[in-house]
Every structure is written in structure tokens, then in C-alpha cells.
Amino acid sequence: MSLTAAERFFSLLALLAAGGAVSLVALRLVPAGRPVLDVIGHVAPRLAWLVTATAMFGSLYFSESQKFEPCKLCWYQRIAMFSLVVVLLVGNLRRDRNLAWYAVPLAGIGIVISIYHYLVEWYPQLETGSCSLTAPCSAVYFREFGFISLSFMAMCGFAAVLALMLLPPKEPLHVQQAE
Amino acid sequence: MSNKPNRPAKPSRPSARSAPSSGAPLPPAPPKRNLLWLWVGLGAVVVLALGFAVLSSGDDADLSVGSVPGTDQSGSVVTTADQTAAPDEAPPDEAQGEVWPVTVTGTGTALEAFDSEGTDPAIGQTAPTLSGYTFDGSAVAIDPSKGPVMLVYLAHWCPHCNREIPELLAWKASGAVPADLQVVAVTTAVDPTRPNYPPSKWIVDMQWTWPVLADSQTQDAAVAMGLTSYPFVVILDTDGKVLTRWGGEKGADGIQQAVDAALA
Numbered sequence: 001m002s003l004t005a006a007e008r009f010f011s012l013l014a015l016l017a018a019g020g021a022v023s024l025v026a027l028r029l030v031p032a033g034r035p036v037l038d039v040i041g042h043v044a045p046r047l048a049w050l051v052t053a054t055a056m057f058g059s060l061y062f063s064e065s066q067k068f069e070p071c072k073l074c075w076y077q078r079i080a081m082f083s084l085v086v087v088l089l090v091g092n093l094r095r096d097r098n099l100a101w102y103a104v105p106l107a108g109i110g111i112v113i114s115i116y117h118y119l120v121e122w123y124p125q126l127e128t129g130s131c132s133l134t135a136p137c138s139a140v141y142f143r144e145f146g147f148i149s150l151s152f153m154a155m156c157g158f159a160a161v162l163a164l165m166l167l168p169p170k171e172p173l174h175v176q177q178a179e
Numbered sequence: 001m002s003n004k005p006n007r008p009a010k011p012s013r014p015s016a017r018s019a020p021s022s023g024a025p026l027p028p029a030p031p032k033r034n035l036l037w038l039w040v041g042l043g044a045v046v047v048l049a050l051g052f053a054v055l056s057s058g059d060d061a062d063l064s065v066g067s068v069p070g071t072d073q074s075g076s077v078v079t080t081a082d083q084t085a086a087p088d089e090a091p092p093d094e095a096q097g098e099v100w101p102v103t104v105t106g107t108g109t110a111l112e113a114f115d116s117e118g119t120d121p122a123i124g125q126t127a128p129t130l131s132g133y134t135f136d137g138s139a140v141a142i143d144p145s146k147g148p149v150m151l152v153y154l155a156h157w158c159p160h161c162n163r164e165i166p167e168l169l170a171w172k173a174s175g176a177v178p179a180d181l182q183v184v185a186v187t188t189a190v191d192p193t194r195p196n197y198p199p200s201k202w203i204v205d206m207q208w209t210w211p212v213l214a215d216s217q218t219q220d221a222a223v224a225m226g227l228t229s230y231p232f233v234v235i236l237d238t239d240g241k242v243l244t245r246w247g248g249e250k251g252a253d254g255i256q257q258a259v260d261a262a263l264a
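Sequence order for the protein chains is A and B.
Its first residue numbered 1, the first sequence is counted upward by one per residue in the working numbering.
Its first residue numbered 1, the second sequence is counted upward by one per residue in the working numbering.
It is possible that part of the hints are untrue.
What the hints assert, rightly or not - Taking lysine-lysine and the DSSO-like style, the derived pairs with C-alpha atoms no more than 30 angstroms apart in a straight line are:
#1 B:Lys-250 - A:Lys-72
#2 A:Lys-67 - B:Lys-201
#3 B:Lys-250 - B:Lys-201
Unchecked claim - Distance windows between CB atoms, simulated:
#4 B:Thr-238 - A:Gly-108: 58 to 64 angstroms
#5 A:Pro-168 - B:Leu-36: 21 to 27 angstroms
#6 A:Phe-57 - B:Gln-96: 33 to 39 angstroms
To be verified - A few chain B positions that, by computed beta-carbon distances, are all more than 12 angstroms from chain A:
#7 Leu-35
#8 Leu-38
#9 Leu-48
#10 Ala-49
#11 Gly-51
#12 Thr-109
#13 Ala-113
#14 Arg-163
#15 Trp-171
#16 Ala-176
#17 Val-177
#18 Asp-180
#19 Lys-201
#20 Met-206
#21 Thr-238
#22 Ala-261
Hints in this document: simulated from the structure, not taken from any laboratory.
All C-beta atoms, glycine included, are put in the ideal place defined by N, C-alpha and C.
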């Protein structure tokens, strides 16, 4: 797959994650959304892990395969996202009902950094007055559809994790069915 | 307080094998809520996104390297310390490139890397002389003997460079540019994977009107002047000595003040 195709593919996934996050929030606001939330609630931790694992894969693809050098703010977001992959994996395996207590703070920190990074990309004067030689935070590698950059993708991922992990916890379906 | 997660006791699954022997009837099966549709739907969306991305994306841009007869065809830099800079005046037909070989000459070595803190040790030093090509293969030689030189290093993907160019043009439009000052842009850090590539089109789109020297793939023109950030400016006097260097945005007023102070 070419680089431009990969950029578009991951951008579409980011839009999917963002759409999912917005939909979950919207569904919480209307009574009719409760049945849907009940269903999604059963798989929310797994979906959240899927989101973070995909984000980590995309991040590593761009840095290791395409040699996009991560900037300082990218690294901070990576710390949050990569940690989430492990935390959510272990939490899912242990069926930890307290998983949100670990995942939400990490995703919350991550989304704050992502928002700031996205703002720096559009308003570079927020950071410094120049681009560093290696990886300035204000410089983007691409803006798919005119607005989707890597920090935007991370922001979508963190938003999806937050929306999923803030759903009322439910047992995984197979456990509930067995009971 | 236990560190154990609040995990439900492992359910004892009804076993089809054990049921007949015990004689007990099987418990009624709970209503099955199959979420297969959710995973299939998610997978379908991902596959659709992948297909759309592959089909709708174009080819990746490759770095266009200009080469002239007698230079390394790979576009790597030809650096000489003891020959007079004299790139071919007649570029080959259809010569085109985003990076071109740069010749660095002169008695001085590369200037020390610029540090905005403290006094710049390069001030007063003789800078190396640069010569090379612009995007269409025409020769460009930086010759301070004709008047002070202001080299403006720009990276096409750098947002600060993109913000500073209009300021430089506004400074020019104000009429405050000294008549004998030779302003030359040096497009450097060319990266085909980053926005605004190719720089030859970008510099036109930015309405840059001064001459342009295309730096080499290994950024020899930038290294020669001790560049440490973008944008980066070096002003040389008519002896080729460094009057000032700065990195980052200054704005039209700041540029005028810096130039006036340097040439005073």
C-alpha cells in the first residue's frame, strides 16, 4: 500500500472512531439510545482495546516504515496510547470491572495533549517561532482531506476510548449468558 | 483491601456430556445476544475504508534530483575547498529538480552551528561561498563582492517559514530593502512526503520574487552556514564575513530592524 493510501486509510479509521465517539455521546443523551448502549457496553473494553491497538499500529507504521520522525508532543501521546494498549489488554483478559479507572486517566491526558498538538499545528506561534531541524511539533507530515493530521487521528482514538470506557460497565456477554 | 479485580466467579458451564449421566434436565438457555453483527459490520467498514483509500489515492511523490554534467548523478553534493565556484552556466535541456548539487568553496570551513543564546561566534568570520542551481538548472552563485548578501533558508513544510515569507515580501513592498542588498532564498530540507512539495511550485505559489538557490539532498548549503532551525537568515558583508545570523520568525518590522542593525 502506498503512503498516500495509508494516510487515507488511517484517516478514515480516525473518522470512524470520532463518529463512534460522537454517536455514543449522542446516544447517552436520548432515552432511545439506551438499548444500543446496553449492547455496546458489553464489548466496550474490547472495542477500546481495538481502537488503541490500531492507533499503535498506525503510529508505528508511520514512524518505522515511512520514517516519519515523531516530535516531542507525538511522543507524549504515544506514551498514553501505547500504555492504553497494555492496560486495556490486561484489563480485558482479567475482565476487570474497574478498567475505566485506569484507562480514562490515560486517555484523558492523551486527548488533552492531542488537542494542544493539533492547535500548535494550526497556530505554530503557540509553541516557538521556528521549526527545529528534526521534528518540529508545528510541522505536519500530511493533512488528509485538509484537516486530518496525525495528532487529529490520536485525538479521535483517545475520544473513542473515553466514550467507550465511560459507558456503564457491563459483564462480557459470554459471562452474562452463562450466569 | 484486595488487589484482585472484581471478577465474577468463573461460571460453571453446562456440559452436554454430563447431562445424560446425571439425569438432570439442562437449564434453559439464556437468551442469546449475538454480537456477531457488530464485529462483521466493523470489519466491513474497515475493509471498505481500505478499499476506498487504495483506489482513491494517487502515487507517492519521489524526490526530484537535479543533475548536471560533471556532477554526481545521484544529486549528492560536490564540495570542493580549493576550486573556484563555477557551475555550468548552461543547464542541460529539460533540467528539472527540487534539489541540486551545491558547491561550497572558500578558505573558511562551515560556520559553527547557530545558537540563539549568547553572542554568535560566527559574526566576523568569513563564510564559505555557495554556488549551485535553481530549480530549472540555471546556475546561481552567491557573490558578496557585488553587495551584501542576505541568505534566507526556507523549508517548504515548515509553518514558520510559510508565515515568514509574506513578512519578507511585505518588507520588500515597503521599499525598505537596501538597494545593494542581494536577497537569495535557499530552499532546503526538501521532503517529498511533507506538505507543499515540490518547493519549486511552492515558492512560486508563495509569490517569492527574489532569486532561489536549491539546496542539495544533504543540505550542504545549510550546513555551511550553521543552520539550526527554519527559517534561518545569514547576512554577509561585501568581504563575505558574517554580519548576523538568526533563526525563526521576526516579522516585517523585526526583519527591517535586524537588517538595518547588521548593515549599519
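- Is the nearest Cβ of chain A still more than 12 angstroms from the Cβ of B:Ala-113? violated (10 angstroms)
- Task: Evaluate the condition: distance from the CB of B:Ala-261 to the nearest CB of chain A exceeds 12 angstroms.
- Result: Holds, because the least Cβ-Cβ distance between B:Ala-261 and chain A comes to about 18 angstroms, which exceeds 12 angstroms.
- Is the distance from the Cβ of B:Thr-238 to the Cβ of A:Gly-108 consistent with 58 to 64 angstroms? With Cβ atoms ~59 angstroms apart, the hint holds.
- Per the stated criterion, does the least C-beta distance between B:Ala-176 and chain A lie above 12 angstroms, as a non-interface residue requires? holds (21 angstroms)
- Would you check whether the claim that B:Gly-51 is not at the interface survives, using Cβ distances to chain A and the 12 angstroms cut-off? violated (9 angstroms)
- Per the stated criterion, does the least C-beta distance between B:Thr-238 and chain A lie above 12 angstroms, as a non-interface residue requires? Its Cβ never comes within 12 angstroms of chain A, the nearest being 28 angstroms, so this holds.
- Query: Are the Cα positions of B:Lys-250 and A:Lys-72 separated by 30 angstroms at most?
  - Reply: holds (24 angstroms)
- Beyond 12 angstroms from every chain A Cβ: check whether that's true for B:Arg-163. For B:Arg-163, whose nearest Cβ neighbour in chain A is about 7 angstroms away, the distance does not exceed 12 angstroms, so it is violated.
- Non-interface label on B:Thr-109, tested against every C-beta of chain A at 12 angstroms: Holds, because the least Cβ-Cβ distance between B:Thr-109 and chain A comes to about 19 angstroms, which exceeds 12 angstroms.
- Message: For B:Leu-48, is the shortest CB-to-CB distance to chain A above 12 angstroms, so the non-interface label stands?
- Response: B:Leu-48 is in fact no farther than 12 angstroms from some Cβ atom of chain A, at 8 angstroms.
- Reported absence of B:Val-177 from the contact zone with chain A (all CB gaps over 12 angstroms): For B:Val-177, whose nearest Cβ neighbour in chain A is about 22 angstroms away, the distance exceeds 12 angstroms, so it holds.
- Take the C-alpha atoms of B:Lys-250 and B:Lys-201, compute the straight-line distance between them, and say whether it is at most 30 angstroms. OK: B:Lys-250 and B:Lys-201 at ~24 angstroms, within 30 angstroms.
Of the hints listed earlier, those the structure fails to meet are numbers 7, 8, 9, 10, 11, 13, 14, in rising order.
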